[in-house]
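In order, the protein sequence lines correspond to chains E and U. Here the first sequence stands for residues 1 to 626, numbered as in this note's numbering. Here the second sequence stands for residues 1001 to 1481, numbered as in this note's numbering.
FYI, nobody ran anything at the bench for these hints, they're computed from the structure. Just so you know, these numbers come straight off a predicted model, no measurement behind them. Keep in mind that the hints are not guaranteed to be accurate.
[As the list claims (entries may be wrong)] Some chain U residues close to chain E (C-beta under 8 Å, calculated; not the full set): (1) F1104; (2) M1228; (3) D1271; (4) A1275; (5) V1289; (6) G1467.
Note that beta-carbon positions come from the ideal geometry of N, C-alpha and C, so glycine has one too.
Each chain is listed here by its residues.
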Amino acid sequence: MIDLIGLTIAVPLVASGVNLLIGKRLGRRSGWIATAAMAVSFIVALGALLQMFSLPAEERTQVVTVAEWIRAGAAAVSLDLRVDPLSITMALVVTGVGSLIHLYAIGYMDHDERPGRFFGYMNLFCAFMLALVLANDFLLLYLGWEGVGLCSYLLIGFWSDRPDAARAAKKAFITTRIGDVLLMLGLFVMWVHFGSFDFDVVLGHEGSLPEIAAGTATAISLLLLGGAVGKSAQLPLHVWLPDAMAGPTPVSALIHAATMVTAGVYLVVRAHALFEISDVALAVVAVVGLAGALYGGFSSLGQYDMKRALAYSTMSQLGFMFLAAGLGFYPTAIALLVAHAFYKALLFLTSGNVMHGLHDEVDVRRLGGLRHDMPWTAALFGAGALALSGLPPFSGFFTKDVILDLASRDGATWAFVLGSLGAMVSAWYIARLYFTAFIGERRYEGSAHEASALMRTPLVVLAVGALFAGIGLELTPEGTLPMFLEPVLGHVVEGDAGPSTQVLMVLAVVVTLIGIGIAWRLYRPANQERWVSFPEREPGMAGVLAHGFYIDGLYAWIVANVGLRGAAALAWFDRTVVDGAVNGVGTLATRASGLAPIWQSGKVRRYALSFMAGGVALLLYAAVKI
Amino acid sequence: MIDAPRVELWAILPVLMLFGGGLIALLASGFARRAAQAPFALFTLAALAAAAASALWLWNRETTTALEGMVSIDRLAVVATLALCGIGAFGAYLGFHYFERDDFRRNEFYALLLFALGGMALLVAAADLIVVFLAVEVLSLALYVMTALTFRRGPTEAAMKYFLLGAFASAFLLYGVAMSYGASATTSVQGLARALTGVGGSQPLALVGALLLVVGLGFKVSLVPFHMWTPDVYQGAPSPVTAFMSAATKVAVFVAMVRVLDVAFGSLAWDLAPAIAVLSAGSMILGSVLAIAQRDVKRMLAYSSVAQAGFILSSFVSPEREGIAAALFYLISYSAAVVGAFGVVMLISGGIREQTGFERFRGLGRRQPVLAALLSVFLLSLAGIPPTAGFVAKVLVFGAATSAGYWPLVLIGALASVAGAFFYLRVIALMAMQEPRGVDIADPSPLPRLVLAVPAVTVVVLGIVPGVIVPLLQEAGVLTW
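Bound conformation, chain U alone (with noise of 0.2 Å):
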């Protein structure tokens, strides 16, 4: 007699509501290819609203896990979820705006957001190896073809190598899954982290599997050094769609490895934590002395994306609930400035022929203040300048790493820091000092800088009263098991 598994749906409401939505939006557009975009967007705000509020729904829930331990319930879920379907909202509105603006209609654009975000909320639940496995290729493929939607030259071409690549980091990934069932005869991050601490585990083989789990997801979240395809594609996405990517990628990547690496390997936290701190280092680093040479602002954030992975990254080597707290404010920190900035920089860049070198954004200040002002804030919330959230995040994270001893790691990471003051304060330093050359191709509407005036808010009170938010992120990061 076998047990039939029990089927607990309202555990994956979020999850449901997002491929459901995504399901939808796919069917319709394959009616209404060439259909008005309006009535897609807001749909796909409404599933994004219902999809936060099913999460909402689940802050209080007592179970753990459900789905026969396939998907947690738990606090770290929710936050991350409703911080996607933010990101979302920006990125569906975005899109909408570069996709309207010159009548280029892509309806799927919605579906696949919506398969993307998906994909991600399932990856923050993910409490089994197989199921992050399936949560990070669901994600993937619909960012592959997100990056190409536009069918240009420049975004196919970053689509194909973030597709190779990919599909190379994803056999990683399976081969540390495999490894981590080799180990300890299971793939439930629950069922590892006991078969780890007791006595049925092999612990070397272990090791092999979480760091092969590393590379397959440090490629998702561009840690040197498997971040190269990072500029490429950042640069050669539509905008939009890279706003929507740096910010929702890290976030649910960056959760799905607190899983990992916290939880299931959680016994191997010492054997771990230095390869981590290179890692972090080496993000740090490279990231920034390589930002500093790109004349292009896309490929400059791009850059700076990576050495923003390897500090959220320094926070992991304390295992402990202040780090995961860090990496959390990090991340949501980092997900406003990141999506405001890379949304400015589609404004300015004058639609889908993206111009986003340097010389677009020459004196920008006199001729569209409000873009300059408002790009001005994200950067300097990356750069952590107070007194925005980039400041206390970047607090956060080295107070983390210092409290478990890994002080070189901060050292490193103020000198990059430093370093990257540099190439952020060099395009608000040409934005605001020098003279404006060439057309003004500048979008003129006015309802985008009020919706990117969100995340600058967001950013500014974050600086000034972290307090809002960090007892709940605390409360994330108690992660019963």
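One chain only, chain E, in its complex shape (with noise of 0.2 Å):
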């Protein structure tokens, strides 16, 4: 199956191709032809992860050549993928929670008018993702990140009828694109250094680290974390992932949370061992990675909206993978990057179950009391919160909390404490979530329907992930996956500073219950009358949180003030010095066109002439030679 890994590509796209060019006839049966290529591109995965399994672990990384463009005498142009232990684990999380997240959309958009473009759209983008992330070189990888960009500004403003919807897809692939031009031009400093965009050269192989420069592997690791910075939504280009939000709900379970946003991590693991030569470049991960974990924790205490309140959740988790990518705990950055593919989908979808049963209804305070409406909602929602909060044993204390532990065991104080409180902050904002929408009373008119069993059934695959994912996969450091990985990652010790494992995982579990009881106390049905209120803007702390510590704001007043005054005088110089050298050259040809007919007389003498003179002047030619 190794060898057919092109088709994990191949057929979401050709249902891509299919679905966007005869959706309109296909009607409602787009959704199952899409689910059904995810599906199959899921099993060649899993297929390719078993025929892995049958290999020794050195022999596990393996080079498919799966078209050659171009042959130039002995330089190459070919579509190579890689096939390793990382790049399947990328790709099952991809068309699996892929696959799951597909299934659900099919109940989600039956209202919709347009499911051929939506599936098609929805095909586009796991085709790129898959291509990214079993890309063998960084131009293919490149390849698939533009085109996953491309794809979210297109799922984002699917609804293009709706402003906000429109105006957030132009900001997400706006704000996302001033990372790809630091990714781009990190491409470009790769190429003058090393001449390839091969994994192979690039990153060395074997174990053994590329022969460059601290200082070109900085600039180069600083430039693909830009890009990283901008995909995965981290500090200080994040302000595009809570107002992607006005995508249909899918889309940001499987973009926005499941995959995409991972891509930055992605790429930060796979290009590690650049990043390792640079004594800069892992700090400068780690300190954004931390940043980013407690800004969006905090930040996503201040939503109302639920989804929006996900977003920033979803900002901080990353922020915890970058943490652990900074800290060289690669294999762990990914089991948490597993982990909370299932259990974000789950939480953006059953709160899509919310939207979909209540109208579109996503403000907290209109919500309350879903539990006897929803039992099924609120359960599912309620496992995704268990997980993403750290309790043990469910998946995220197996990845989130050893990230902690590890750092602290490494010495690294700095990050245990301050992740601690972001960890801390995580149970507190998902408790909330939990608390003001699912239990006390109604505060919604009508009543809410509960999500179809088509709708169901993908989520109860996912809760069961999330739950227990971190027992089945051992996310642990010494666990299934984590060796699995260590054939590309390595192995990550355990330091021995600090306090002992097992004290840092009570005081892990104990920073989570101070979290869900905080939100407990703050939230509680019995107190809903101090928090339920629709204020013009939002008084002292709670308005900071609620603006994201207003940075979108500053953009907005350094874009009015600075840019478009830039951006004039630059349309200025445009008009009158480009434009006016472009225009003169164009009046010069037409000019010197319009003096032709002059010669070109329609008289054959004419013409002999001009022939007889060519030939004389080249005879000249030869008359000088000789």
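Starting from the two chains in their separate frames, assemble the complex, guided by the hints.
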């Protein structure tokens, strides 16, 4: 199956083409086609995984040439895919969670008029994402990177008749573009230095590090990180993610929680050999991650829109992944990525259930008591919340808390302390969402209808994953998944600084319980009148949190005051100087061309004369040469 | 005792198929001048298929020359013959449709087409300058008549001009052959190469001969300053004939130039290259600039073909295998695009009184979305915009010129491409962004659209995966002498 890995990309790509071209005629069937395509893709990836198990660990990295684009002499440009434990893990997450979300979306998009287009974009997105994670060189990775960005734009703005969706799509595209440009610059530097984009050349192989000066490695790594920050919505390029929730909820689940936003983490982990050469780069990754974890967590506390709260939560969780990568715990970063894919997809889709059942209502102040009308949804959301909060034995505990534990044992006390604060806030905001939306008394009018069985089925699978991935996949450093990733990412060696692991585990549970406790104290049904109000402006700290520390406003001010003036100056330059030059050339060519008929008169003797002149000129040349 | 020359007819089987088919078609059309066309068209296609099959059969032959060194049997000839048969098939179909629509029966057309192709197939295999001359004459005579086939005033005038200047060019060609003979006492390509590398040959005479040959062949592919017939003839000739001759003549003559310049006069490469570079640059610049001023699509495409000849010639400054493969790729992608473009123009122009002014194309995207889309693909490829074959072709020929150290030529080529993009894209803009005016006279039949989709797909596929034929062309570029 490893040789057939190209199918994982090809099948969704073809299905996407079918849906985009004749989606109108397919009607409701397009959702099933898209889901089937994802399922096939998943099965192929699973087959590749099983085949990989039969190989010894050192032979598990294989490069599959799917097609040769052009061969000119010795240099060949070909489409190569890399199948190794890391890429296959990512591919399984994308196709596995992707299939479930596609299945859910069939029910969710039931009333939409353009299912063909929607599922076409979704499949296209998955194809690009798979190209990104299966690429064997940075060029194909970049192609996938841009492709998922494009699909994200199309899907956020899918309901293009809503102004906020159109605006959010533009914002996402432009903001991530800043990161993409940095990534592109990183690739340029890489090309100049290595003359290649191939992973084996750039990242070294068989455990050997590439030969490169620390300064160059720092430059490339930081530029790559710039791209990762844009795509993974980390500070300071995070502003697009909360707004991206204007897209359909399955999109939020698939793109803005489970897969695309993790591309940044994947990039850093994939390129860790480069980051490790530089002294600075890894530290920057850790700091950016920690800042994102705290910022996202606190901002989430200020949101009343369920999806926005989950968006900030995603940012916070991605921050933890970056923190782990920055501290060198790559397998653990990937373990959290896997666990997060399960529980965040679950949380988004259950909030999708709420929207579906209550005419797109997402403001928790107008919800409450949903567990009576939507028992399944409430239970499933609860499962996701438990997994995220980090209570044992659920998956969050085996990943997020393990990161903090490893940090402390490694002597990075600062990371442990601040990270624990972040973990406490995580438990706090997710418990807050559960308490406000699902228990207490109903604050909505009419009755909410429970999601259909079609929509519940994938959620149950996700819930099982969210709750038990920690135990099943043994996400702890010595467990199955990290050991599987070892040939690519190395082994995490636990340090021996600070308190023992047992103490830290207890501390982690206590921190989580404190977070949940605070949430209960503030948001329990009895206190409802304290926070169910709709002020014009949120007062004090609540306002700061609700607006994500006003970073959006700051950017808007900068763009309005500095950017627009600069743009006006550039526009003047473009109009007068650049356009002038181009038009000048055009005018010149047109004038010259206008002179031609004088000679091209239609008279044969003139033609013969110019012919003769040409021949004579060539003979004169011969005479000179002789 | 004189040895009888060995006659190895199998070596020219494709040529024989074409000439034989031509003779049969000619006889039949003599007896049935006003008969239905369809049998003629089908017969022509069958003859082309037979010629292509026999060319394929020659692919793995070990021998290099046959008929006392008059023709060569190599993969270059095979690839070129296959391309010619393909172009011929489109020419035959387009001609059939063109004449059928106006019920204007000219069954000689098929005989002439086969004769022209026979001459071309002979030219691509010619291993002797005498055969080169013969082949050029055969294909030219057929083309002169094809140009005038509708007996209207414009085409007749064009044919007359073409004929007069063609005679003029033949004189140069023949003079070049004579000079070459004077230089080396042989007219064989192989013999010339041997004589010029050894002590027997006269280098100065050979240079004069080579340049005269360039003039004669350059006329056929419309290089500046031997190009002036091109706009008149391309505009005047019936569109299917223009489609056929603009593609097929270039393929045949450029392949002959490969043999003449890279093999026979290979040892003069250093002296010839500057002259070639100047001709190439002149064609690229003048062709592109003059195309801008045109208000008629056929005339614009004629000037563009002058520029395209310059692009192809720029790969000749590098007498390496890569240069030959690049020229072949360029010829194939150019042929697909130009056959398609003239084919679409034929459908739009509304029959035998062709109206091909720009106003016909205004707002075509609304009225004839399929035709407009097809023409856009062809024009994009001619302009060299990815993901079409024209882009890869330009990259390959510029790469060949750069590797030979002629980067100023590449720079001129790049600038000419920019100018070229202007006039190609203008037609696309005209079709897509303006309101249609006047009555729609475009041909509504679906089959020609389907047929023209074939070159369109070719252009796009070769633009995305050029790797499917480039290795083949590189093999064809290995000339064993």
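Margin query: Does V1289 of chain U hold up as a contact with chain E if the rule is Cβ-Cβ below 8 Å?
Written below: holds, 5 Å
Item checked: Interface hint outcome for F1104 of chain U [beta carbon to chain E under 8 Å] -> At about 26 Å, which exceeds the 8 Å cut-off, the nearest Cβ of chain E leaves the hint on F1104 of chain U violated.
Note to self: Quick check on A1275 of chain U please, does its C-beta sit within 8 Å of some C-beta on chain E?
What the structure shows: The hint holds - A1275 of chain U has a Cβ within 8 Å of chain E, the shortest such distance being about 5 Å.
Next item on the list: Hold the hint about M1228 of chain U up to the distance rule: shortest CB distance to chain E must be less than 8 Å.
Entry: Holds: closest Cβ of chain E sits about 4 Å from M1228 of chain U, inside 8 Å.
Check: For the hint on D1271 of chain U, does the least C-beta distance to chain E fall short of 8 Å?
Finding: holds, 5 Å
Checklist line | Satisfaction of the G1467 of chain U interface hint, Cβ to chain E closer than 8 Å | finding: Constraint on G1467 of chain U satisfied, holds at 4 Å.
Going down the numbered hints, you'll see the structure goes against just number 1.
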